[in-house]
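Peer 1: Chains S and W are the protein sequences, given in the same order.
The first sequence maps to residues 830 to 1165 in our numbering.
The second sequence maps to residues 830 to 1165 in our numbering.
What the hints contain is simulated information worked out from the structure, not anything from laboratory work.
A portion of the hints provided could be inaccurate.
No copy is singled out in the list; a pair is fine if it fits within one copy or between any two copies.
[Unchecked claim] Distance condition first, Cα-Cα at most 30 Å in a straight line; then the derived DSBU-like pairs of lysine-lysine: (1) K1075 / K933; (2) K1076 / K933; (3) K1076 / K1065.
Note that this is a predicted model, so its numbers are computed, not measured.
Protein chains: 2
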Amino acid sequence: MARCRALVRPALVEAVGRLHPWTGEMAAYALGWADPAGTPDPTGSEGKGVRQALALLGAEAVGADGAEAVPGAVAVELVHTFSLLHDDIMDADALRRQRPAVWKEYGTGPAVLAGDALLAQAVAVLAEAPGRHTGAAVRRLCGTLNDLVSGQAEDLRFEDRPWHGPGAVSPDQYRSMAEHKTGALLGCALALGAVLGGAPDRTVTALDRAGRHLGLAFQAVDDVLGIWGDPAVTGKPVHADLRRGKKTYPVLVALAGGGEVAHELVTLLSSGRPVDGEAAELVAALVEEAGGRAATRDEARRHLDAARRVLRETPLEPTAARRLDALFAHLLDRTW
Amino acid sequence: MARCRALVRPALVEAVGRLHPWTGEMAAYALGWADPAGTPDPTGSEGKGVRQALALLGAEAVGADGAEAVPGAVAVELVHTFSLLHDDIMDADALRRQRPAVWKEYGTGPAVLAGDALLAQAVAVLAEAPGRHTGAAVRRLCGTLNDLVSGQAEDLRFEDRPWHGPGAVSPDQYRSMAEHKTGALLGCALALGAVLGGAPDRTVTALDRAGRHLGLAFQAVDDVLGIWGDPAVTGKPVHADLRRGKKTYPVLVALAGGGEVAHELVTLLSSGRPVDGEAAELVAALVEEAGGRAATRDEARRHLDAARRVLRETPLEPTAARRLDALFAHLLDRTW
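Bound conformation, chain S alone (with noise of 0.2 Å):
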């Protein structure tokens, strides 16, 4: 991943240095470059890069220089960018990488403003790249743009609908959310890199199920932290998501499993009481004892079993794909 950020950087940096002095500004404190005062930041609370080092890395798996892929490194590490700067604003996420979200500190209104840049420039990079492949590049980033709303606004609808009954959320519209929300753009990576280096629509289509299937398994390890994870190595709170009310799809699995512990899990969630302290304590437990935590787990493994198969059964370039195997399964080498 360093050896890619090496190689994206000079681009990604002359993409947000396009931009207006002020958006670039946030889009820097963002990006983890820069405090709030512009100042450059290196207390490391830069992503890793994930999306940006698998468009390299397709690129290099159809056969191709991974600097063919570099717009389309920079346009999905803008995406991500900008989807973390406005989800923030609608879930109410006042911290971000141990720092304040962009529109805790700079307003709300900024914050919009930020995110349309970064979203503008990350088409306008891509639209500009050179070679033959340009248009089926943006108009792959643009289907991925329209999965990620979606997802977003399944998540956010997701929080008005019952625990329990007809109108509950089943295990499978959770899964859908999430392949929009978190595997869409992961795909996309791979795919772009893919796309740009030339590579045939199969394989492209390949690469993107691929990521798709990562994105998946990293939002079901992450479910897991969110009520599991240790405060001091995720950085939030103990049964974060718990106390959020998330539905998640650990307490979706143990819900949709009926019995006796999932009707004492929805009468404990749909009472109205805040769910902290002993009483998340209390819901965690019922949730591991209804096989939420264990269902879960089982989702991540299968969805990244599925994701190195892919690869396997893909002919690729034989060092990339080996790289990208490493890549898949080190991100998903988290303690769960």
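For chain S, the structure is supplied; the task is to place chain W on it using the hints.
Peer 2: Structure of chain W alone, referenced to chain S:
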């Protein structure tokens, strides 16, 4: 404009129909097609569709069929709707076309999301347009999005600047903001029509320039109406822009002239006291006395003349050029 709306409507409906149902519902409300319950709204709160008309006439003016421009027309209408939606959040404008703004009706988070959905769909519609000119059209739209964001950034930043002294906003800086915020999309509408109609670069650039002048004229008229407009006609309270402390052209040009009246104005505007009732009457009178109203009318006329001159001096299909000229005149034909 009615002819253009009829030609564009099916494609616009289709584009909105491709959104997630919830963002589509908000989009239909923002477009004035439906009330918040999703029921078709026949109260005429739909926009006039200036931008879609410019796109179609832009294609016809370069000798192409207006239908060629439909993807461009849809894109600029969606971008316009997106920008109103997000700008209303940033400016805390609670009313839009005599109805609650989307953020007021649905909440800020959902309104951010609906704007994102519209923006993404605008680019998607254009990127999927058939023909050889798609790439150029998408790149032009991206440039315009960057202009729009820059214009909004400049406008928001003006709020924090003093009325007087070295940090004051100059009339030139205001004009640059207005060209980005209002002119760029009108220019883009015409230019996209021309691009999709296969026009040479020189013609595209000329039509873009005409649209930008039109936008500057339009903004100048808006600024006059924002202070001296009849609330029964504008739908806004009397002295609306003064009450909000907005830095508009009439005030800035009055202040830039210096002299005793300008000095009195600075004192009033910088006093920290609310500018309403009699205070607003007085400020309006002083701005007029210092020549701000007349200078803004001149500014509007000058830019309308410049826009029409570009039409005359550019080789265009005569019927469409005549229609464009009439549309330009009609758009500025308000009581000011």
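Peer 1: Compare the structure with each hint and give your call.
Peer 2: Hint check:
no. : hint          : result
1   : K1075 / K933  : both (21 Å within a copy, 25 Å between copies)
2   : K1076 / K933  : both (24 Å within a copy, 26 Å between copies)
3   : K1076 / K1065 : within (17 Å within a copy, 43 Å between copies)
Every hint from the earlier list agrees with this structure, and none is contradicted.
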